[in-house]
Amino acid sequence: MAAVTQDTAVSTGRVTRAFIYLLLLLFALFYLLPLYVMGVNSVKPLEEITGGNMMALPQVWTLDPWRSAWSTAQIGVEPTGLKPYFLNSILMVVPAVAISTIVGALNGYVLTKWRFRGDTWVFGLMLFSCFIPFQIVLIPMAVVLGKLGLAGSVPGLILVHVVYGIGFTTLYFRNYYAAFPTELVRAAQIDGAGFFQIFWRILLPVSGPIAVVSVIWQFTNIWNDFLFGASFGGTSQPMTVALNNLVQSSTGVKEYNVHFAGAILAALPTLVVYIVAGRYFVRGLMAGSVKG
Amino acid sequence: MTASTAPDFRTRLQDWLPKLVLAPSFAVTILFVYGFIAFTAVLSFTGSKMLPNFKWVGWENYEKLWALPAWNTAIVNIAIFATLYIVICTAVGLLLAVFLDQKIRGEGVLRPIYLYPMALSFIVTGTAWKWFLDPGIGLEKVVRLWGWESFSFTWIKDGDMAIYTIVIAAVWQTSGFVMAMFLAGLRGIDNEILKAAQIDGASNWQLYRRIVIPLLRPAFLSAFVILSHLAIKSYDLVVALTGGGPGRATEMPATFMYSYTFTRNQMGIGASSAVIMLMTIAAIMVPYLYAELKEKK
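For the protein sequence lines, the chains are A and B, in the order given. The opening position of the first sequence corresponds to residue 1 in my numbering, with each subsequent residue numbered one higher. The opening position of the second sequence corresponds to residue 1001 in my numbering, with each subsequent residue numbered one higher.
Chain A extracted, bound-state conformation (with noise of 0.2 Å):
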């Protein structure tokens, strides 16, 4: 093997090659199915699915499910469809993601730039923070919110996921800046440049792809979130919750092709983004944070 590329340097042998090749994509369609499923089945009327064949493809193509899923269908008492819920997680997310990744950035700032005594623990402090169980504070937090009047509001959401997000914007954006030269920093403070002054022409214009994984990841996360929502969305529940009580209702007929459009309708703006920006979003995260 002469080529040099960044692969491995490991030959294998023909019949190796095929066995491999079979098996990733063997794992290819185990990953691609239950997309596959949902799809297909969100496109047939319900006899299809309940007489036919859930893998089949649809005899029939309707667009109702996908219709009944966003307006008409009944989450909890209200027919309402998603639309509503899809908007309160509109929302509650995009102020979340905004405010968590700006703290995020500038906690990173001043814990790689204007490093103090005690700063690892304020990090650490604050890492610990990303990986408890949730549980441990859905009892104070539900006393919390009602207490500050911001309980089943949009607003309490928003406040939960920022709070609980800080700690993973502080990591990306910590690990990302330590990165770059503090010289460079040191030597605009000689010049005169204050501290918002340097954060703002010296360290966000490189900021990008770092910005991206915290974006992704926040989005990911908030949007996808089911506990929160459950516990504290009240009457602005988000998506997460409102799919679920459509999918559990155990009134009536179980409309199998609404449920999928529905899941799919859940998993969309995670799924765009995704394909518009995942590229982004593993290279960034090689970049910050893995290696740390």
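Each hint should be verified, as a subset may be incorrect.
As the list claims (entries may be wrong) - Which residues of chain A face chain B? A partial, calculated answer using Cβ under 7 Å: (1) 102; (2) 126; (3) 139; (4) 148.
Stated by the list, open to error - Below, computed lysine to aspartate or glutamate pairings styled on DMTMM-like, alpha-carbon distance capped at 25 Å: (5) 254(A) to 1134(B); (6) 1019(B) to 1008(B); (7) 1233(B) to 1158(B); (8) 1019(B) to 119(A); (9) 1294(B) to 48(A); (10) 1157(B) to 1140(B); (11) 1049(B) to 1063(B); (12) 1294(B) to 183(A); (13) 1103(B) to 1190(B); (14) 1019(B) to 47(A); (15) 1157(B) to 48(A); (16) 1019(B) to 183(A); (17) 1141(B) to 47(A); (18) 254(A) to 1158(B); (19) 254(A) to 1107(B); (20) 1141(B) to 191(A); (21) 1157(B) to 183(A).
FYI, nobody ran anything at the bench for these hints, they're computed from the structure. Glycine included, every Cβ here is placed at the ideal spot set by N, Cα and C.
Using the hints, position chain B against chain A.
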């Protein structure tokens, strides 16, 4: 303000500014994370029922908790689930990463296919797998329609087997992510080392067994830490896939805590189960984070 004190003030402000910027995050963390942990820990020693109260009952909640059959089911389930989930995810992730690393054509297509489940919510994953595994409309029916009439796959309805369906769905969701971690590790290995070993006559198997796998130690550690904390926190997937059933067969600590605290009005017991969950995660995370941060100093 005179000219001589102005820069003085400015300098002092500049000295304090970094700490001032960090202070709100730190305060929020202390209050909402550590303060809340303390609050829940205190509650676990009180007779709180529907609402928090502060009647001290000592270790009573913990004694009751460990005597509850539902909690014991949850502990057995989390042990089964966590072990299989971590082992299978790591094995599948490593296998896919090693295979993808063999100059595979179409790697750019395969990698996102392995990774995309990570972008989905556990509720979506649970919904998809729930119907896929449902004997009435899913896999069992399909295989029978294809001609294997006696095929039976009813794990999701079977109290003894339902926990394994959660493993299947969870592995489906996370193994691609583990693959990405191992792939990053593999790409970081210097090819010269491998070539040198090849010249010395090492077989492929020996190469991986003796050189590559040991070099991937950090990736194994990160995978273990991430997977174990995900396992202990798993709540959404159980809710969406089995709802803790059939019966209470797939009860997990996270679902147990939620139902005892918020629907059965046994807040004291719920709090004590949350404390045990936290202790378990802390036992894994604290040494890991300590080592990571110490190295970086």
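Cross-check of the supplied hints:
1. 102: Hint on residue 102(A): violated, closest Cβ of chain B at ~11 Å, above 7 Å.
2. 126: OK, holds: residue 126(A) within 7 Å of chain B, min 5 Å.
3. 139: Hint on residue 139(A): holds, closest Cβ of chain B at ~6 Å, below 7 Å.
4. 148: violated (12 Å)
5. 254(A) to 1134(B): Holds. Residue 254(A) to residue 1134(B) sits at ~13 Å (cutoff 25 Å).
6. 1019(B) to 1008(B): Since the Cα atoms of residue 1019(B) and residue 1008(B) sit roughly 18 Å apart, the hinted pair holds (cutoff 25 Å).
7. 1233(B) to 1158(B): The given pair, whose Cα atoms are some 24 Å apart, holds under the 25 Å limit.
8. 1019(B) to 119(A): holds (10 Å)
9. 1294(B) to 48(A): violated (60 Å)
10. 1157(B) to 1140(B): Answer holds: residue 1157(B) to residue 1140(B) is near 12 Å, not above 25 Å.
11. 1049(B) to 1063(B): With a Cα-Cα distance of about 16 Å, the restraint between residue 1049(B) and residue 1063(B) holds, given a limit of 25 Å.
12. 1294(B) to 183(A): holds (23 Å)
13. 1103(B) to 1190(B): holds (16 Å)
14. 1019(B) to 47(A): Not satisfied, since the Cα-Cα distance of roughly 64 Å exceeds 25 Å.
15. 1157(B) to 48(A): With a Cα-Cα distance of about 23 Å, the restraint between residue 1157(B) and residue 48(A) holds, given a limit of 25 Å.
16. 1019(B) to 183(A): Roughly 20 Å separates the two Cα atoms, so the pair holds.
17. 1141(B) to 47(A): Measuring from Cα to Cα gives roughly 15 Å; hence the hint holds.
18. 254(A) to 1158(B): Cα-Cα ~21 Å, so holds.
19. 254(A) to 1107(B): Violated, at roughly 40 Å.
20. 1141(B) to 191(A): violated (74 Å)
21. 1157(B) to 183(A): Cα-Cα ~63 Å, so violated.
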